[in-house]
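Kindly produce the complete structure, drawing on both the sequences and the hints.
As they're listed, the protein sequences go chains D and S.
According to my numbering, the first sequence is numbered sequentially starting from 1.
According to my numbering, the second sequence is numbered sequentially starting from 1.
Hints should not be assumed to be uniformly reliable.
What the hints assert, rightly or not - Computed footprint of chain D on chain S, listed as stretches where at least three residues anywhere in the stretch have a Cβ under 8 Å from a Cβ of chain D:
| # | segment |
| --- | --- |
| 1 | 12–19 |
| 2 | 42–48 |
| 3 | 131–137 |
| 4 | 350–363 |
Hints in this document: simulated from the structure, not taken from any laboratory.
Note that beta-carbon positions come from the ideal geometry of N, C-alpha and C, so glycine has one too.
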Amino acid sequence: MNEQPGTSGLIFNEPLLWDKSRKGRCAMSLPKPDVERTLLDEHLTGDAPDLPQLSELDVVRHYTRLSQWNFGVDSGMYPLGSCTMKYNPKTNEVQAARQGFAAAHPFAGDMFSQGALKLMANLEHYLAKITGFDAVTLQPAAGAHGEFTGMLMIHAFHAKNGRQRSKIIIPDTAHGTNPASASLCGYESVNIKSGKNGILEPEAVAAIMDEDTAGIMVTNPNTLGLFESNIREIADIVHSKGGLVYGDGANMNAIMGIVKPGEVGIDILHLNLHKTFSTPHGGGGPGSGPVAVVKALEPFLPIPRIIKKLDTYEWVTDCPDTIGRIHTFYGHFGVMVRAYSYILSMGAKGLADASKLAVLNANYIKESLKGTLNLPYDRPCMHECVFNDLFQKETHITTMDMAKRLLDFGFHPPTVYFPMVVDGAFMVEPTETESKEDIDQFIDAVKAIAKEAKENPEKLKTAPLRPKVTRLDEVTAARKPCLRG
Amino acid sequence: MRYLPHTTEDIESMLKVTGQSCLEDLFDCIPDNLKTKDGIDIPESLSEWELNTHMEALASENIACKDYKCFIGAGRYDHYIPAIIPYLISRSEFMTAYTPYQPEVSQGTLQGIYEFQTMVTALLGMDIATASHYDCGTALAEATLIALRTSKKVRRIAVSALVHPSHRQIIQTYISPSGYEMVEIPYTPEGRTDLTALAGMEDIAGIAIQSPNFLGNIEDLAAVKAIADVKKSLFIVSFTEAMAYGLLKTPGSFGADLVAGEGQSLGLAKSFGGPGLGLLAGTQKQMRNLPGRLIGKTHDTNGDQGFVLTLATREQHIRREKASSNICSNNGLNAMAAAMYLATVGKIGIREIAQQNHDKAHYLKESLLTAGFESVYETPFFNEFVLKAPKGFEQKRTALIQDKCIFAGMNLEPFYPELKHHYLFCATETLSKKDIDQLAKEVK
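Dropping the structure here:
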């Protein structure tokens with residue numbers, strides 16, 4: 001086994017901000033007052049907010065130390081299933097920071113914002129070409145926000161057709177955001193089980209699809225990493241009853257240049273720019289969740305929309321069937337600049353190569369580890385593969401134990417305990433930007449851990465040993481919540 | 001392609017393991033009739049240097065590429081951003097991490113956001129703040145949904161006509177599919193929410209008021225609270241200018257149940273309107289109704305302090321269709337940047353900057369009155385206010401942008417048709433006396 005990346009180094013302690021605070025310090029260069037001081041009415045004026053008082057170096061050292069307790073894609077392999085933690089190119093940050101973009105005021109007016117509008121119009125166009133749809137909105141702020149937008153459009157479509165429906169079909173492998181987004185539109189989720197191959201069977205859909213069902217939400221490839229090869233038949237069944245097919249594009253990274261969801265019967269699809277299109281996830285966001293639709297649904301897209309008149313771009317709001325507005329301005333423009341830069345850097349061939357190599361990496365891991373970990377669905381996978389801890393049950397080692405031990409080896413663990421259809425799921429998505437050497441190292445680490453599980457299970461129970469903290473007491477955190485200092 | 005590390009040899013040896021003869025065969029599990037016949041019709045790839053040229057050309061088509069003088073706000077404010085904020089937030093351990101599902105290697109994000117939650121509660125005088133939302137408008141829409149769900153029977157929410165126009169539209173979008181209704185509370189000739197009209201409204205689950213409101217005026221939150229109590233409605237306060245609370249009494253001190261705000265002013269670029277930062281705070285009683293992530297303090301097996309995502313049983317990945325919201329990704333990195341900003345300015349800095357905003361705005365108002373503008377409201381304001389412009393101002397305004405890079409106010413007529421020739425002005429600490437004097441001279 002090659003040397004693993006994880007090792008021990010000097011880790012700094014760092015107190016909470018207010019424990020460092022000393023009265024009288026300020027880390028801001030305060031502008032000099034040059035106009036007369038005007039006092040606000042006393043009855044409206046509050047006390048100065050009790051914020052910590054620090055010097056500039058205090059602040060710099062605080063956040064530098066905090067950052068060193070974190071693991072990011074730049075630190076090491078981050079094979080978090082369904083999250084597509086690929087490399088976040090640095091030139092994208094340079095582009096988003098250009099003054100013409102970063103300093104742009106959203107109310108500057110169309111004629112003074114042509115660069116921003118043109119970029120957004122181009123990005124809409126490229127995303128339409130990648131997915132095979134006719135129209136795109138960039139307004140949703142994240143994937144779940146895109147799902148909600150899509151559900152609102154389905155709701156508006158049925159309302160326009162004169163009869164609202166009450167239910168929506170959601171597979172048991174779906175992300176939790178799917179049923180939660182449907183609920184926000186008042187739809188009742190009807191659960192459908194995937195077949196024994198891990199994919200949806202048309203007969204199962206036909207059995208529950210009726211004229212009171214608004215449609216179906218399908219993630220393709222699904223969260224088991226399997227391609228829903230019956231998608232066209234399923235779409236036909238749903239369409240024949242007047243329903244619509246919503247595609248969750250969280251896993252689009254597997255099929256760029258191979259399958260265009262707009263060509264296989266899907267009516268609406270959201271994308272995650274912070275997954276497939278390489279924008280950084282930022283420890284929780286901001287993301288961006290554009291929604292692509294077929295022509296018939298274009299009138300329902302949120303406002304404002306961009307149109308091109310001769311050589312200039314402008315915002316339009318005069319769309320009678322629109323679902324309305326879903327973001328204060330135009331969505332997460334700064335994230336769009338990064339995704340646009342990525343698409344231009346990759347080109348059509350680069351995007352297709354990315355998908356092919358993402359699928360190669362996942363299949364390589366699946367084949368390399370399937371004797372080590374149990375593989376509930378032993379089929380060719382797409383960009384991710386799902387194992388579980390069945391082989392480790394004998395020594396009472398769980399997926400969580402193995403995940404925590406991986407930290408000591410210098411890897412971020414895969415997604416664990418999701419999808420829920422696999423007991424103790426261990427869901428690996430390597431992405432295309434990991435090299436064969438790094439993947440081999442990961443495979444060696446998992447094998448070493450599986451060996452430890454047999455020979456020295458106690459070691460796994462106490463893992464991780466190398467990070468700043470050991471396992472945390474989440475039960476107490478939830479029972480006696482302490483949400484501020 | 002420099003992001004793809006695979007050599008031809010790598011691919012060959014990996015395909016041997018997977019059992020395919022070429023990359024295309026990896027997709028044999030997809031029926032042929034589902035595969036696309038044509039490639040992706042987008043431009044050819046650009047080198048890093050070609051990309052720079054292309055992007056700078058686009059950026060320079062925005063007037064923002066020049067150093068412009070920003071006398072507009074309306075939801076996006078021009079404030080100084082200390083150099084350490086972009087420097088520190090660019091640390092890739094923060095930027096390239098996912099949501100902190102593995103707390104042992106995410107303590108940086110977790111402690112940072114715990115500190116953010118704490119400082120937001122201090123800024124707003126509330127018990128609890130979430131780990132962030134997308135923006136003020138979506139946070140406010142979620143707050144109205146909390147009020148509507150809490151009341152069960154009552155299906156209406158009252159929203160001030162002086163809540164940001166986009167935010168009112170978002171609320172409408174969010175609540176109408178569930179059959180809820182939004183009623184607008186009109187405003188008075190003093191540019192404040194008409195509390196007499198509000199007092200006359202029956203059956204309302206919640207009252208949403210923005211302060212400072214869209215016209216810049218500070219609302220009488222104590223009076224709104226009294227009405228909310230009588231009506232047993234949830235009292236929701238929103239704001240688009242977080243800097244105001246460096247000077248104003250907190251929404252919490254007036255008894256707000258929920259506060260939704262925009263945090264862009266706290267160290268974030270205007271970035272053509274996004275991503276900003278949705279702030280969402282509530283009283284202790286609202287803890288389990290709040291949407292999205294919350295970070296809590298706990299300890300590890302050695303008894304050392306640590307932080308985790310907590311109260312997840314409200315959230316979609318556990319509760320699915322019964323979750324308090326569908327939110328998953330929030331605006332975490334911007335929350336971290338705002339925390340850095342709050343730690344940088346501190347108690348002394350935020351008060352001084354807020355005071356300077358107030359000073360400059362009052363100086364600007366006086367200067368424009370002298371230059372021939374008419375006063376409209378005599379209501380206290382923070383850093384935005386409305387004036388009626390002299391004839392011919394609109395043409396002058398456009399010319400000022402084009403020729404001198406000065407954004408002189410925003411026309412209110414598209415938002416409030418009755419406010420013809422009325423402009424919303426803003427002044428922050430970034431405008432000097434000289435800038436203001438120049439504007440007054442130009443518009444005379």
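Okay, the hints, checked on the actual structure:
| no. | hint | in the structure |
| --- | --- | --- |
| 1 | 12–19 | holds (count 6) |
| 2 | 42–48 | holds (count 6) |
| 3 | 131–137 | holds (count 6) |
| 4 | 350–363 | holds (count 11) |
Hint compliance for this structure: every hint is met.
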